[in-house]
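A.B. asks: Model the full assembly from the supplied sequences, consistent with the hints where possible.
Protein chains: 2
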Amino acid sequence: MSSKHLAKGSVEPPAVPNSLRFYSMRFCPYVQRVKLVLNAKGTPHDTVFIDLSDKPEWYLEKYPAGKVPALNYDGKFLSESLLLADFLDEIYPEPPLWNSPLQKILDKIFIESFGKVGSLFYKLIMTTTEVEKANFDELVVSLKSVEDELAQRGTKFFGGTSPKMVDYMIWPWFERLDAIEPYTKGKYAIPFNEQLKHLAKWKASMISDKAVASYYVTPEKHAEHFTKRKAGLPAFDILNE
Amino acid sequence: MSSKHLAKGSVEPPAVPNSLRFYSMRFCPYVQRVKLVLNAKGTPHDTVFIDLSDKPEWYLEKYPAGKVPALNYDGKFLSESLLLADFLDEIYPEPPLWNSPLQKILDKIFIESFGKVGSLFYKLIMTTTEVEKANFDELVVSLKSVEDELAQRGTKFFGGTSPKMVDYMIWPWFERLDAIEPYTKGKYAIPFNEQLKHLAKWKASMISDKAVASYYVTPEKHAEHFTKRKAGLPAFDILNE
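Here the protein sequences line up with chains A and S, keeping their order.
Just so we're aligned: the first sequence equals residues 1 to 241 in our numbering.
Just so we're aligned: the second sequence equals residues 1 to 241 in our numbering.
By construction, these hints were calculated from the structure, which means they are not laboratory data.
Cβ atoms here follow ideal geometry from the backbone N, Cα and C, with glycine treated the same way.
Each hint should be verified, as a subset may be incorrect.
[Said to hold, decoys possible] Among chain S residues calculated to face chain A with C-beta under 7 Å, some are: (1) Leu-83; (2) Pro-101; (3) Ile-105; (4) Lys-108.
[As the list claims (entries may be wrong)] Result set (EDC-like, lysine to aspartate or glutamate): computed pairs, CA atoms no more than 16 Å apart in a straight line: (5) Lys-76(S) x Glu-149(A); (6) Lys-67(S) x Glu-112(A); (7) Lys-67(A) x Glu-112(S); (8) Lys-76(A) x Glu-149(S); (9) Lys-41(S) x Glu-90(S); (10) Lys-55(S) x Glu-12(S); (11) Lys-197(A) x Glu-147(A); (12) Lys-67(A) x Glu-57(A); (13) Lys-4(S) x Asp-54(S); (14) Lys-187(S) x Glu-130(S); (15) Lys-210(A) x Glu-175(A); (16) Lys-221(A) x Glu-194(A).
[Unchecked claim] Short derived list, chain S residues pointing at chain A, Cβ under 10 Å: (17) Lys-76; (18) Ser-79; (19) Asp-86.
C.D. replies: Rendered as structure tokens:
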């Protein structure tokens, strides 16, 4: 399969037998959520990367919503990272990635509230001309409540002794939070080792997880992606260069 | 239990043995979603109505988010209508309200896209001084895609031969759509019998469903609620007057 993002004028790669087709963009955190679940489940899948700035005609024709992440399952296009995560957990039960039904809904409420971190991060990085101190401070405050949640759970991972769905659903933003330092040329860095010690330890454990490690992108590459995207330059294929 | 909405200065009613405590507001469509699932499952529950314009101190103390719908389960406050619907379906499996895992995710994607109808309806009713023709027409267009979905499914209910989760999750807005006619004193009415015939039939079938019927509010009462709320008048307890 091509690891290049396909644009207008491309042709869809032929189907792969006994494999789920996964439509992706290499730097999308929502795509990463689903990829981590596919990895953790060991689900055979083949990835087609979509150039979101110039979507292929064949993609929009087959799937007018044209979103990623998407899975083609039984001819149907399925979207929405959290729904896909649940779906994959239902059709591939091993290993189970949710705990009890009660813990599952508590985790989902937590994941939803974590959305604030994602919004504040993108506001910080992408929507202001320069990174602003007030926005940075607000992001750190929102991370403190995530730190408190982990401290209160008292476990190595949010999900217990091993990474579960709750860990995978929030991980993509932590990979990107480390990009703030190279992105701002050292001016800002999330104080993980000073104020967010449980999260610092959790991050180190997550990076050792096989599902996470095999899809990991360095802070420098994430920073390069954000810098290029903000400048309106091609930024999807930088891992292949 | 009091059917009045409790405000500041109230005391929480004592717990009821072997019963789920359900925090509600009688006219909230998201509350209604959860109520329909509780009804369909036959889950013993006791309802405490919360005055959202003047929330009781005891509620905010126990549950700082202070939202409805909420369930108190095992001492935890659980929120978000779709998450609660899933949770109830997991802990009370009978009767099952989702179909296959594939149909479940397709239904969830449909429910999410249905959110547009809800937004357009509230924009029409609540955010403009007068109901505007352009907003009304936009709402009818969005309903046509719901009509097409039901026609394409070719079943009596969205969920098949009986109401399932997908039907219950969208129903609250259909009850309210019929309020447009009394609310606008006959000036506007959704053309169910002319342009949305599958939906018209489905509505009639839904109103005969026991879970729906036992919580049904007439278009006139919904219209009265919207009129009072828009005027800033007390509007929560009008079913008790």
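A.B. asks: Next, verify each hint and record whether it holds.
C.D. replies: How the hints compare with the structure:
1. Leu-83: holds (5 Å)
2. Pro-101: holds (4 Å)
3. Ile-105: With a closest approach of 4 Å, the Ile-105(S) hint holds.
4. Lys-108: holds (5 Å)
5. Lys-76(S) x Glu-149(A): Since the Cα atoms of Lys-76(S) and Glu-149(A) sit roughly 15 Å apart, the hinted pair holds (cutoff 16 Å).
6. Lys-67(S) x Glu-112(A): Judged against 16 Å, a Cα distance of about 14 Å means the pair holds.
7. Lys-67(A) x Glu-112(S): Answer holds: Lys-67(A) to Glu-112(S) is near 14 Å, not above 16 Å.
8. Lys-76(A) x Glu-149(S): holds (15 Å)
9. Lys-41(S) x Glu-90(S): holds (11 Å)
10. Lys-55(S) x Glu-12(S): holds (12 Å)
11. Lys-197(A) x Glu-147(A): Roughly 8 Å between the alpha carbons, so the hint for Lys-197(A) and Glu-147(A) holds.
12. Lys-67(A) x Glu-57(A): Holds, at about 13 Å.
13. Lys-4(S) x Asp-54(S): With a Cα-Cα distance of about 13 Å, the restraint between Lys-4(S) and Asp-54(S) holds, given a limit of 16 Å.
14. Lys-187(S) x Glu-130(S): Roughly 11 Å separates the two Cα atoms, so the pair holds.
15. Lys-210(A) x Glu-175(A): holds (15 Å)
16. Lys-221(A) x Glu-194(A): violated (25 Å)
17. Lys-76: The hint holds - Lys-76(S) has a Cβ within 10 Å of chain A, the shortest such distance being about 6 Å.
18. Ser-79: holds (6 Å)
19. Asp-86: holds (7 Å)
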